[in-house]
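Chains as they are written, first to last, in the working numbering: chain H, 1 to 233; chain V, 234 to 613.
What the hints contain is simulated information worked out from the structure, not anything from laboratory work. Note that the coordinates shown come from a computational prediction; the quantities given were computed from them, not determined experimentally. The C-beta atom is built at its ideal place from N, Cα and C for all residues, glycine as well.
Quick list of simulated restraints, FRET-style, between CB atoms:
| no. | chain 1 | residue 1 | chain 2 | residue 2 | range |
| --- | --- | --- | --- | --- | --- |
| 1 | V | Met245 | H | Ser79 | 28 to 34 Å |
| 2 | H | Thr115 | V | Asp559 | 57 to 63 Å |
| 3 | H | Gln17 | V | Ala579 | 48 to 54 Å |
| 4 | V | Ile488 | H | Gln17 | 48 to 54 Å |
| 5 | H | Glu189 | V | Arg249 | 41 to 47 Å |
| 6 | V | Met245 | H | Glu189 | 36 to 42 Å |
| 7 | V | Arg250 | H | Gln17 | 31 to 37 Å |
| 8 | V | Gly486 | H | Leu23 | 55 to 61 Å |
| 9 | H | Ala119 | V | Leu484 | 52 to 58 Å |
| 10 | V | Met245 | H | Ala119 | 18 to 24 Å |
| 11 | H | Ser79 | V | Ile488 | 43 to 49 Å |
| 12 | H | Glu194 | V | Gly238 | 31 to 37 Å |
Now the stretches of chain V that chain H is said to cover, found in silico as 3 or more residues with beta-carbon under 8 Å:
| no. | stretch |
| --- | --- |
| 13 | 519-526 |
| 14 | 601-610 |
Listed below are several chain V residues computed to face chain H (Cβ distance under 7 Å; list not exhaustive):
| no. | residue |
| --- | --- |
| 15 | Met234 |
| 16 | Leu236 |
| 17 | Arg242 |
| 18 | Arg246 |
| 19 | Glu514 |
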Amino acid sequence: MQTPMVQIRALSRRFQQGDVEVLALDRVTLDIAEGDFVALMGPSGSGKSTLLHIIAGIDRPTSGQCIVRDVDVATLSESALANWRNSHVGFVFQTFNLIPVLTALENVELPLLLTGLSAAQRRAHAEAALELVGLSDRLRHLPRQLSGGQEQRVAIARALATDPTLLVADEPTGNLDARAAQDVLELLEVLNREAGKTIVMVTHDPKAAGHARRIVRLEKGELSPDAAAGLAT
Amino acid sequence: MNLAGFIARNAMRNKRRVILTTFSVALSLFLYTVLQTALREMTQPASSEDSALRLVVRHRVSLANVLPVKYHARINSMPGVRVCSKFTWFGGVYQDAKNFFPQFACEPDKIAPLFAEAEFDPREIADFIGDRTGCIVGVKTMERFRWKVGQKITLTGTIWDCSPELTIRGVYRGGVDETNLFFQHAYFDELTGDLGSVGTYWIKALNADVIPELIARIDRTFENSDAETKTETERAFQLSFVSMFGNIKMLIGSISTVIVFTMILVTASTMSMAIRERMREIAILKAIGFDGKRVVSMIVAESFGLALAGGIVGCFGAKLLFANVDIYALTQGFFLKFDVTPHILAGGMLIAAVLGVTSCAIPALTAMRATIVAGLRELD
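Could you build the full structure based on these sequences and the hints that come with them?
Take a look at the structure:
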């Protein structure tokens, strides 16, 4: 049997909010296979975004392990973790988070500045990523000149630019209208099905979760029973 | 696009803020450059190899006290003296009180050897010597009043109750001061009723080696007399005027420090606002692989660039400005020159560089320490 790409073992995360300690994740154990498309669902405060952040290496667990492709992410230094994120994780956020002063092409090129690629190679990679998301005619547009759906597709192209192991998306359709949301979800589905990208997506929207291969539900920092069984609903 | 381009694009995202910040840094460094140049001009008066051999003998008590004319022969005969001239400050004005410039009564045949670094026309010097009411004038004063050789002018005394009517017999160029007017001490004595006194004696020593002994000898000679002397080099004599303004170095130093400190506060405030507005973007940059050190270096580079741009505009703007204005006319003769030296420029640019780094230190460290999750929370 193939080793899961993401192995989460007895993962806990506590936050200190003033005098109160909040348990965001409570001994979560979860496997995500290579090529999977997992939707993390749950009510607000259930810990789904915290889990996503730890998988993506932008937060550290209080205890437990998060192993991605045999690397225990929590053990890496800040600098090593930054390098790891650059080459292994692509981020898609609810609010797109493009740099407003850069064109679509330059936004996609941004993570490639940290690689050893030449300027011509960076540009070629960025153009290819934008073509993949159907925006090859919007290379020179600034974010404010694009629609919300187009901005999110640029953000997906930026996430794909370094050809990461893992794509993480935090409410990627939360700021989009129904049509644009459908386009983005179909794009993620295509990337998972045809490009074999492993995707972990946090969403409130059952329709959005319906595009995933598997839904994992969290409640009060714990996995709901069906998550452990890995059932899609 | 490369990292430098990204930093430049970030810096220019709010053009109004960039222009105002650069302008405030430029203005402050312009002021710093002006103050330092003024301080230099006042505390390091222009000098030459020749001027280093000149000595001034004055009354020990103050310049307002005069020396007896009989000292002249005794000083003139001392070993080490090449030239000795009576030299009395006239302090008159031309037509109007604002038309002030230095005027001295002196011995006409001593002027050229005393100020050998200046260019005198021998024929004009001969004309000056041959005309009891003649005078010789520095080229800057000639240009200031559009005078011509042969023209008659009248000075109105402000210290001495007389008005010499002079004929310009020549022009001199070069030397450390091109603004002086020299007329005959004999004519001055005639107008003042031959008081038997002289303001100062100016001496040209034979060489630098004899100066210490010569100074000591002159002052020793007139010790315990009614008019004790104080002999000093021309440079020390000029600096004694600066000391009349008080501790000018400390004053200008204090003003410069306040300027620099204010500049740091203004720029730090600007950088803090600029970074605070970008905390979400910084979180995104970190999420996609920019580590804390790289984020800090980008912020420092941006701040450094802005400060340096301000420094270039302020310091080199001052250099350009003062290279093209007639500072003598502008300051009505207070400053002869206003040279923004490479040393002052380097000081200004160094301050700009330090300013660039220090003003962004706190926001850069805040950005480095902020967690990505905290940054993302701000945006969501």
